[in-house]
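Chain A is fixed; fit chain B onto it per the hints.
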Amino acid sequence: MSDSAINTNSSKNENIRRIWKVAGILALITAAEFAFAFAWPDTWSRMPLNVWFIILTLAKAFYIVAEFMHLKHEVKTLILSIVLPMAFVVWLIVALLAEGSAIIDAVKNFWG
Amino acid sequence: MASTISVSNKNIWNGGVSPLKASYGKLMMWFFLLSDAFTFSALLISYGMIRYMHPAYEGNYSEFTFANDSSNLYWPIPEMVFDAFPFFHGVHLPLLFVGLMTFILILSSVTMVLGVEAGHRMDQKAVEKWMLWTIIGGFTFLGCQAWEWSHFISGSDAGLTYVDGSFFQGANLTQNQYGPPLFADLFFFITGFHGTHVFSGVILNIIIFYNVVVGTYQRRGHYEMVEKVGLYWHFVDLVWVFVFTFFYLV
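Going line by line, the protein sequences match chains A and B.
Counted from 1, the first sequence has number 43 at position 43 by the working numbering; the numbering is strictly sequential.
Counted from 1, the second sequence has number 138 at position 138 by the working numbering; the numbering is strictly sequential.
Pulled out of the complex, with its shape left as it was, chain B reads as follows:
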């Protein structure tokens, strides 16, 4: 019955060949990432609309002060909110820490590609080395994010004195020293959702790293699993690039 299993030349989608020249697992990772991008797009739209509902700061950038009048809670300039750096208490260093976080994540993406490249050469030692660097980069980023969160939650020395005389420092889900409470909510939700992705990525990387170390992929004959978690890891980096622009720069 050879004729029934021979591949028809008329239609490559009839089975027997891989029209996309990629394995099932890799394709599914791509489509999962596509659907994940939809979720982040929805967050971006929410951010844009909520920001549009609030009044914008009208004055000069260099003379920026935080809103303290609840009848005119204008949106803060993000780089004025996130201007702290560890061990530099009270020094105004806008964007510097978040810039460092961006570099750390890009660098861990680079070590991930180097790991994938080593996998193509079946170089187990090199894959181990680069996967480990990627995991360290991921943990460093998470540590930075924890610092950023705790600083935002505890607030700056200046705090905020409302017009009714009450004083508040920091931010939570209902109060925000730096402006509208929804600014804090969006910060927690968007960076938190991204941080959860980074955390899952680190866990996946650790599992794959373990398999690399015990030689699972060497025996299997290919390192495609490293490629798959690599795709996920690059996506996490990609999302951060957008969070950086739309939450911190614009």
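Isolated chain A, as found in the complex:
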């Protein structure tokens, strides 16, 4: 519990500094997303860019949930009871997108 974003034991200034640090990281990641969106060359495939966007988004999500929502500093059982169901849902999203696109292709190409 010692490295908590909001910890009653640490000093006021230290807590506030940590909050602004996380805010700075979030702003930097968003700025990076912009830079990539504009700088990506026209002729390159967008696929790696989109993967990179998703990675950056998950990084932002981690900082918001872990620090702002304080989940990183909760009891392990609480962390798991939030993160595990969400991990299954992420898998559900991936599975439904993959299976769904296969079904759409099959229906579209039904008559050849």
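If you're looking for bench data, these hints aren't it; they were derived computationally from the structure.
Given the structure is predicted, the values throughout are model-derived calculations rather than measurements.
Check each hint, because a few of them may be wrong.
Said to hold, decoys possible - Computed spacing ranges between beta-carbons, pair by pair:
#1 B:Q218 / A:E99: 50 to 56 Å
#2 B:F189 / A:A106: 25 to 31 Å
#3 A:A106 / B:S46: 16 to 22 Å
#4 A:A106 / B:T174: 42 to 48 Å
#5 A:S45 / B:G25: 44 to 50 Å
#6 B:F64 / A:P48: 15 to 21 Å
Unchecked claim - Going by beta-carbon spacing under 7 Å, a handful of chain B positions derived as facing chain A:
#7 L20
#8 K21
#9 I50
#10 M53
#11 T245
Ideal placement from N, C-alpha and C gives every residue a C-beta, glycine not left out.
Okay, now just chain B, sitting in the frame of chain A:
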């Protein structure tokens, strides 16, 4: 009968202690947010599948033009649709306005944590100040969203001339200047559902702000209610981070 109420060391789930070291209210907020995340995940899946059903734009990004042939209504590049900024009529500024909205919401999340931090120190004046900034940030975001919606609904000057010669500007639930009507439907539904969450968040924040001002939590001895609405507010910010990526960037 002291023995019957003493806590068994064998199983912490038998009562008498809080195994998750969090209050009932906070836990319920967490599980509500988890179930809300399921709903947004369902919207994300719908978006992915509907987009997959439509043809994609094939050419170079810099030469992008909107689809005007109803036999090939390809999906638009979102940043080409949302390229307007207030007071800069007709200037092509992709992503700039939605980027500003993202910053506003992240910033209001920061002021919310600062409010929660002040609550831990029982500093009523500081909680009031940061809650008020959070509410202002929320209203600013909603105002931006209203502008974005009205611009999307009224459309750009270029409009769209279909191959049959009919002309249409803007978007509604059945017609869309920028491409497939379902693109407009998904825009209205996803940003609308998120906007409703922001609006409820602002209302909750105002109620809690009122309680802070009249000293309810000072008398109660803790500011846990601020933490609970804080969790909700951060979740709204979190959802926007995903909407920004999957609706505007990808």
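Status of the hints after comparison with the structure:
At about 54 Å, the CB distance of Q218 of chain B to E99 of chain A agrees with the hint of 50 to 56 Å. Checking the proposed 25 to 31 Å range against F189 of chain B and A106 of chain A shows it holds: the Cβ atoms sit about 27 Å from each other. Distance hint for A106 of chain A and S46 of chain B: a CB-CB separation of about 19 Å, consistent with the stated range 16 to 22 Å. Checking the proposed 42 to 48 Å range against A106 of chain A and T174 of chain B shows it is violated: the Cβ atoms sit about 29 Å from each other.
Range check, S45 of chain A to G25 of chain B: about 48 Å between beta-carbon atoms, so the 44 to 50 Å window is met. Distance hint check for F64 of chain B and P48 of chain A: the Cβ-Cβ separation is about 20 Å, which falls inside the suggested range of 15 to 21 Å. Checking L20 of chain B against chain A by beta carbon gives a least distance of about 4 Å; that is within 7 Å, so the hint holds. Because the closest C-beta pair between K21 of chain B and chain A is about 5 Å apart, less than 7 Å, the hint holds.
Hint status for I50 of chain B: violated, given a least beta-carbon distance of 10 Å to chain A, over 7 Å. At about 6 Å, the closest approach between the beta carbon of M53 of chain B and any beta carbon in chain A falls short of 7 Å, and the interface hint on this residue holds. For T245 of chain B, the interface hint holds, the least distance from its beta-carbon to any beta-carbon of chain A being 4 Å, beneath 7 Å.
When the structure is compared with the earlier hints, violations turn up for hints 4 and 9 and for no others.
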